[in-house]
Amino acid sequence: MPVEFSRSTTEEKATLAIAGSLDAITAPEIRVVVDELVNEKQKKIVVDLAGLDLIDSSGVAVLVALYKRIRALGGSVIVVGARDQPLAIFRLLRMDRVFSI
Amino acid sequence: MAEAVIKLTVPGELAYRDVVIRTTAAACRLVRAGATQSSTLAPLDLSDDFDAELVSAVSEIFNNIVIHGQDETGTRGAGSVIEFELRLSDLELEVVITDTGPAFDIDSVPSPELESLPEGGMGIHIARSCVDALDYTPGPPNRWRLTKRAARVAHRPSTQA
Chain A
0 MPVEFSRSTT EEKATLAIAG SLDAITAPEI RVVVDELVNE KQKKIVVDLA
50 GLDLIDSSGV AVLVALYKRI RALGGSVIVV GARDQPLAIF RLLRMDRVFS
100 I
Chain B
0 MAEAVIKLTV PGELAYRDVV IRTTAAACRL VRAGATQSST LAPLDLSDDF
50 DAELVSAVSE IFNNIVIHGQ DETGTRGAGS VIEFELRLSD LELEVVITDT
100 GPAFDIDSVP SPELESLPEG GMGIHIARSC VDALDYTPGP PNRWRLTKRA
150 ARVAHRPSTQ A
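From first to last, the protein sequence lines stand for chains A and B. Heads up: the first sequence at position 86 corresponds to 85 in numbering that gives the first Met the number 0, and the numbers run straight through without jumps. Heads up: the second sequence at position 124 corresponds to 123 in numbering that gives the first Met the number 0, and the numbers run straight through without jumps.
Heads up, some of the hints might be wrong.
[To be verified] Not everything, but these chain B residues come out facing chain A in the computed CB check (under 8 Å):
#, residue
1, Leu13
2, Glu52
3, Val54
4, Ile66
[To be verified] Computed list of lysine to aspartate or glutamate pairs in EDC-like fashion (alpha-carbon distance at most 16 Å, straight line):
#, chain 1, residue 1, chain 2, residue 2
5, A, Lys42, A, Glu3
6, A, Lys12, A, Asp52
7, A, Lys42, B, Glu82
8, B, Lys6, B, Glu114
9, A, Lys67, B, Glu82
10, A, Lys40, A, Glu10
Since the hints were made in silico from the structure, they are not lab data. In this text, all values refer to a predicted model and were calculated from it rather than measured experimentally. Quick reminder that beta carbons are idealized off the backbone N, C-alpha and C, glycines included.
Make a model of the complete structure from these sequences and hints.
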């Protein structure tokens with residue numbers, strides 16, 4: 000299952016929507032987008048996972064990297080729309096509170 | 000106890016991950032629908048997260064075998080395969096995974112420090128946490144056994160999700 004993503008930026012926030020499967024195969028694609036967001040020094044990022052069906056530890060690692068790097072810049076990252084298997088994984092790894100899910 | 004067995008053999012490459020996941024998810028649905036039970040019994044009332052958890056565990060073990068099973072050239076030997084045996088019964092779904100990669104000491108894998116938001120080392124932790132039992136016997140061939148019990152009970156409290 001591939002990953003699909005889209006970006007939108009307004010004056011107040013950048014939104015990254017990720018759909019499909021964020022896993023060991025597709026995580027490198029999203030890592031490129033994470034680099035862009037960090038290089039742009041985005042201060043408020045919303046990650047929309049309403050369309051995400053599956054995530055694995057490689058996918059979680061990319062989101063954690065995004066969170067840590069944006070926080071280091073003084074910004075914030077929140078995750079919205081997580082459901083089913085991805086939500087179960089975030090809860091298991093106690094990341095639901097970190098990501099304000 | 001009725002039992003059905005599904006066998007699947009895939010090349011040890013990430014490209015086959017989707018096949019493994021879909022097969023596991025389909026097996027979960029069969030157990031949920033009571034496919035292995037006599038027709039006089041109601042379908043099993045599995046926990047809401049049963050399918051998600053077993054898929055997560057199998058997915059992490061598959062990744063682990065493929066990624067950490069590579070040799071120093073970054074590839075696996077030609078013809079390297081991973082074998083899956085999914086055993087569906089009235090009581091549980093057991094997944095036995097056999098691979099021919101390098102063996103390792105699973106007990107030496109530390110639990111991740113979740114408070115520090117690790118960016119790696121979570122795979123085995125996820126797999127362990129998502130099943131009732133994870134047994135690993137180093138080989139060759141290495142043998143993993145994941146057991147997920149299907150208690151005929153009401154949904155688990157959401158606080159355990």
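Verification of the hints:
1. Interface restraint check for Leu13/B: the shortest CB-CB distance to chain A comes to about 5 Å, inside 8 Å, so the restraint holds.
2. Interface hint status for Glu52/B: upheld, as the beta-carbon distance to the closest one in chain A is roughly 6 Å, under 8 Å.
3. Hint status for Val54/B relative to chain A: holds, with the closest Cβ pair at about 6 Å, below 8 Å.
4. At its closest, the beta carbon of Ile66/B sits 7 Å from a beta carbon of chain A; the interface hint therefore holds under the 8 Å criterion.
5. Under the criterion of a C-alpha separation no larger than 16 Å, the hint pairing Lys42/A with Glu3/A is inconsistent with the structure, at around 23 Å.
6. Restraint check for Lys12/A and Asp52/A: the C-alpha separation of about 24 Å exceeds 16 Å, so the hint is violated.
7. A hinted pair counts as satisfied when its Cα atoms are at most 16 Å apart, and Lys42/A with Glu82/B does not qualify at roughly 46 Å.
8. Restraint check: the Cα-Cα separation between Lys6/B and Glu114/B comes to about 39 Å, which exceeds 16 Å; the hinted pair is violated.
9. Restraint check for Lys67/A and Glu82/B: the C-alpha separation of about 38 Å exceeds 16 Å, so the hint is violated.
10. Proposed proximity of Lys40/A and Glu10/A is supported: the alpha carbons are some 13 Å apart, at most 16 Å.
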